[in-house]
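Asker: Please build the complete structure, drawing on both the sequences and the hints.
Sequence order for the protein chains is W and V.
The numbering of the first sequence is this note's numbering, which starts it at 1 and goes up by one.
The numbering of the second sequence is this note's numbering, which starts it at 1 and goes up by one.
It is worth saying that the hints were derived from the structure and are not from the lab.
Glycine residues also receive a C-beta, built at the ideal position from the N, C-alpha and C atoms.
Accuracy of the hints is not assured; some may be wrong.
[Unchecked claim] List of simulated lysine-lysine pairs, DSSO-like, C-alpha gap at most 30 Å: (1) 249(W) - 221(W); (2) 130(V) - 305(W); (3) 305(W) - 371(W); (4) 130(V) - 298(W); (5) 270(W) - 154(V).
[Unchecked claim] Each pair of labels, with its calculated beta carbon distance range: (6) 125(V) - 683(W): 46 to 52 Å; (7) 130(V) - 329(W): 41 to 47 Å; (8) 1011(W) - 130(V): 58 to 64 Å; (9) 125(V) - 43(W): 41 to 47 Å; (10) 130(V) - 405(W): 35 to 41 Å; (11) 405(W) - 215(V): 32 to 38 Å; (12) 130(V) - 43(W): 51 to 57 Å.
[As the list claims (entries may be wrong)] One-sided excerpt, in silico: chain V residues whose CB lies under 10 Å from chain W: (13) 74; (14) 147; (15) 198.
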Amino acid sequence: MMVRERLRQNISAAFYRHGLLCASYPVPIILFTSASILTCCYPLLKLPLPGTGPVEFTTGVRDYSIPSHESPGDLSERPDWYQGPPVAYIQQVLVKAAVSPWDNSLVPVDVFRSPLGRVFSVLEEIRNHVYTDRSLEALCLQVTDLLPGLRRMQAVLPEHGCLLVSPGNYWQNRRDLFDADPDLLKTVHQHEPKGLHTSATLKDLLFGVPGKQTGVSLYNKKRVVTYTITIALSSYDARFVASLRARLKQLHPSANCTLREDHMVHVHFKEEIGIAELIPLVTTYIILFAYIYFSTRKIDMVKSKWGLALAAVVTVLSSLLMSVGLCTLFGLTPTLNGGEIFPYLVVVIGLENVLVLTKSVVSTPVDLEVKLRIAQGLSNESWSIMKNMATELCIILIGYFTFVPAIQEFCLFAVVGLVSDFFLQMFFFTTVLSIDIRRMELADLNRRLPAEAGMPPPKPGPLRPRETPPPPRPSPHTITLQAPAFRNLRLPKRLRVVYFLARTRLAQRIIMVGTVIWIGILVYTDPAGLRTLLAAQVSEQSPLGEAGLPPHLGVAPVFPGRDPTSTLSVLPAPEPTPLPENQSQGHRAARPEVVPVSSPQITWGPEDEELWRRLSFRHWPALFSYYNITLAKRYISILPVIPVTLHLSPQEAIDTRHPQDTHHAPPPSIKTSDLQADLTLYKVAALGLFAGVVLVLLLFCLYRVLCPRNYGQNGVPHGRRRRGDLPCDEYGYSPPISEISPLLLRGHSMDIECLASDGMLLASCCLARQIRVWDAQTGDCLTVIPNNGLRRSSSSGACEAESLLGADFREPGGGAVGRPDVDIFPIRRRTTPARPALFGDQPDLTPLIDTNFGSLPPSQTLSSSGFDFGGLVEKAYQEHETSPTLAFPPSPPPVLPPELPPQNNGDWDSSVWAMELRGNLIATGRSSGKLELWDAVEGSLRCSNEDGVSGITALAFLNNRIVAARLNGSLDFFTVEITKPLGLLQYRGPPGRGSLPPSPCYSSEDVISCQLTRSVQCAHQKQITVLKAAAGRVVTGSQDHTVRVYRLEDSCCLFTLQGHSGGITAIYIDQTMVLASGGQDGTICVWDVLTGSRVSHVYGHRGDVTSLVCTTSCIISSGLDDLICIWDRSTGIKLYSIQQEVGCGASLGVISESLLVTGGQGCVSFWDLNYGDLLQTVYLGQSSEGQSVRQLLVLDNAAIVCDFGNELSLVYVPSVLEKLD
Amino acid sequence: MPRLEEHCWSCSCSPSVKTQELSSASWIVCKTGEMMSIITSVLRHAYGSMHSLQSANLMRRGLVLFIVGVVLALVLNLLQIQRNVTLFPEEVLDTLFSSAWWIPLCCGTAAAVVGLLYPCLDHHLGEPHKFKREWASVMRCIAVFVGINHASAKLDFANNVQLSLTLAALSLGLWWTFDRSRSGFGLGLTTAFLATLIAQLLVYNGIYQYTSPDFLYVRSWLPCIFFSGGVTVGNIGRQLAMGSTEKPHND
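Answerer: Below is the structure:
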């Protein structure tokens, strides 16, 4: 254990120092890291690019022997695939034929008809060639049927015999068919694929040269036709091949042909990647990207989310590259398919460390210096990072001992990858993070400056850093609608996706990128076609034409354009069109091909040696695959080509003409055949575009289908988040909680019942009827009312019970003391955490309460009436004006306790049921119906009013008016009058959130009187449960299912709002006249206060709605079902919900637009309203298990106050929460 | 309900099944009928016992899981077929889609059932699964599962025992890395056992066969694949049940 601890300490210290280093010298470290990445990646340059391109190996022809399987010693230059016999030896006979001299009487068809016609005689020659009783039949590669899917090729490609292909195959190798063919070009083109085809076409296969070079076209300017006869030999007989070569050369001599004949090229083909292989690969990549997406999405609270995500991805990718590079450097050439194992490597290495680091660093206290923050964050996580790393290395080590080569190799890569990833995380990512955090602090600073310079904002800045100008504070009676621009709506995902698409023009970009990639693939896979196309176009456009070659025109002025290496085999006898005399030398130099244009010349150049190189590299695999012979992982040997030159006389050409040829005007459609490659390109582009559009549409449809719009009114529990499984405890990591430390305000002897605050002062009242006034900033206790033990005597022996019971309903008679059955209920309700048993699953409490009632002796109804506060009491508590209300059925009219003689010092024998604090006046409503006004600072009673006899259940204190709701359903309006003109001497600071304008401070000399201005006797049929006042309106909610809106000035009832099917349990109204109400039926209604109409109505909870808060964009409600739901205010759509622990309390508060605070069992939790993520949980005390926070008050100075047994907790929300965006 | 599950299991077939001969059409018809009846009974059960809202959610989850199962089955089947793949992708796709059309469906159904069972079991046992509940981890899990399949299909092992042992270790590692719950382990084992049993029965009846069976009629690594598949699908199911906002429909 000791060793472990010491190790841990050392690691932590080392990380701390490292963090300091990284944050201190960011630029040098980044440079160093980049340099090391590049160094490690350098060996990668030697690796062949990934792909399926063939590999070549050249040997000499002379001493060729079939390579043996067991590799001999000289492995120096021999590739490892060069073993065993090849699939086939390819012998090509390259025929170049021309009609010469060209005659003007000839038609364009003559260019290729007779040259093509000669293929049959050459073929005949080859077939019949015999060398010492060996014929071609014996040596050639015998093929059987074509694959069944290739019926259309059956007439063209050979079957059951030698694999010998030539242009003659178009006419079944029969001269008579050729002669009878009226349109050769049509025959050739009819086999061309109609659609997109990037690999070898039939024309390529049969002609053996790229389509452009065949010269079989009406616009062939060179008038030379080139084609090959391709023979596949199964075994190599050097003498036979040599004799064939000699024979052909003798028959058709190619003068001055210097093609080299001593090299044999072996071409090895890699495994072909077909669609079948691609699908799993693509799937793994999709999973990989989803993984990266979901990982990086969690990066939060930083300046640039995207930047960090990019850095994370770069870290992982470059660590992989580094590992491959290092492995190559040390001679471990990867045999695994890199693309295939890559996703798994990424997943093994993972992004977790990076995220944990980020989280840890951003949760360090902001007021520290950046380097210290980085260092501290790093050292916080050092142990877990090292542990994970060690575990992963262990697992990989185990994998290494499986002794399966592939797994061993994978493990080796993974180990190197992990180590380099660790290195990069520590150096690269940490540094990037430090830069990011520094940037953020700078931005914060800039942002805060103007706010501080201006007037003190109504809602003091620190908590709402990014908020655009705070909504103008209207005077109480004017209504300003929120401009939609101010809304920071949390839109439904669907809309956000659409907006995102629209904003970034993602679809267009994806389509563009897709097209580019498609074209890139095309270029890559079919280089021959495109390149020749481009070359042809260039040469056509170039004014120099073909004659970039001849620099020495002066030497051979008659035959310009002759290359010294490529000599004319046969000189076309005389110049048919001699050079005009008047042509200048310079002109000739500029357009040298003017002369040879009319006289086709056959030249042999080094480019003809390996003409097959210009074919698509799929050429050979395609040819063999037609016969179900795969070349994957095998090789073929290509023998040196046999050149054959054919010269035909014009007469011969004329003789072989088909009668139709002369009438055959060059059809305009031929033009298109020339442009075919162009068209293919366009087709490809169009297809790519189309595919992109279809893909996007498909995804969109899928999205719509699978994410139907089913949330909203009948909300499926949509985004449920359990408190237990929160983003913070993945990887067993939870942010340090030390930064928020609650300030405990001790002093009350019993549970706190009422809480009130105006921002500066905080008043609390406990069961012992003691009112304490605290300074909301410092937590000092300013006043205690009363400060003597006087009340103890009057409430006789009830003290014992009082501490346990809900003393707010305890009557002075002390009748409750001796009766155990009465004690039971309150105990269950108050002091045990057994609240869930009562309230968790039971939506309606009335039956329960009824039975309680029945069990009581009738004579006791009077005193026991106070015990029947059901869940409503709980609900009422979390509002900042406590309004204990009675939930008992209408049965017994609540008769109030005998009046006690009024005392000067206040009424100490009736409990405080409601309390309000405004300015320095505390208004208390007592169970005796008495309304008292206390001076908060001096603790003296300023005035009292005893007009009512029914207990005051709720109070609202607005300007100089006090509204009191009484137990009997009546509503009293009081006016506070000050004899000395009301001195607006000073403001006590900004007013309570969302409620009142600043109220004046009453000086102690003033005589304050409180007069009943109006009493509405039957405000509601049943008792009033909720009373709220704001914006000149008083809103009451009652058990009689209605909400009433009164005007404050004249106490006139404006509206009676009906819409709930249960008693009203929660009401929210604020300065902007947003009115929302929640009832026992679990519904939430939003009302328009101006017209009294219902704006929206949602079914929110199973069970009572216990509290309601609105922000500018959403409504937050909590219910007895322990669910906190967040609704979109404008649409009434449920955005998501948070599942709380059972019995977690229903207290809610909104600190800023995006910060929600909820009370729980001994803790308060902060939530990000935009995403529903738990930000932090603050535990209020050590021994806090049983206590739950019942009331929660948000003060203006970024503090929250909550009651907590007999203590108050003042929690300052630290500025780290500012970083919420 | 147990009987119902039994039926469902009987549909659950390996993603790695190679069909080489199709049985008579009547068998398929019978199988389809059975499947449909199961689906309808599941639906009825779902509708009958639960709140309508909940069942809509359940349906959605089930649908997503079904799609995931089908896609995984197709992809992994392709991986298995790939070893003796020809150069003609059309051919492969033909065999893939024609011969074993019911395999993806069965796998989808099985995935839906397992994926719904996991959270249900968690709920009943009262131990909610809290370990690494996030989509990134689920994606990692799926990737590892595909990797295990990849390994079983692609790697050359000295013998089958070694292959099976390696895969078993990998599967256990998967469970330990992503699940670590008793219920997950138990359900995974049950899945593996039942599915292997079904596969054995199917092969015994000649529905299809393996190229080189070494564990009675099937390959010995099959249970490992089933186990890790069960854990993976369970992971997805739990994540869905947690009701995170969306499911990426791309795997």
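Asker: Check each numbered hint against the structure and report the violated ones by number, ascending.
Answerer: 6, 9, 11, 12 and 15
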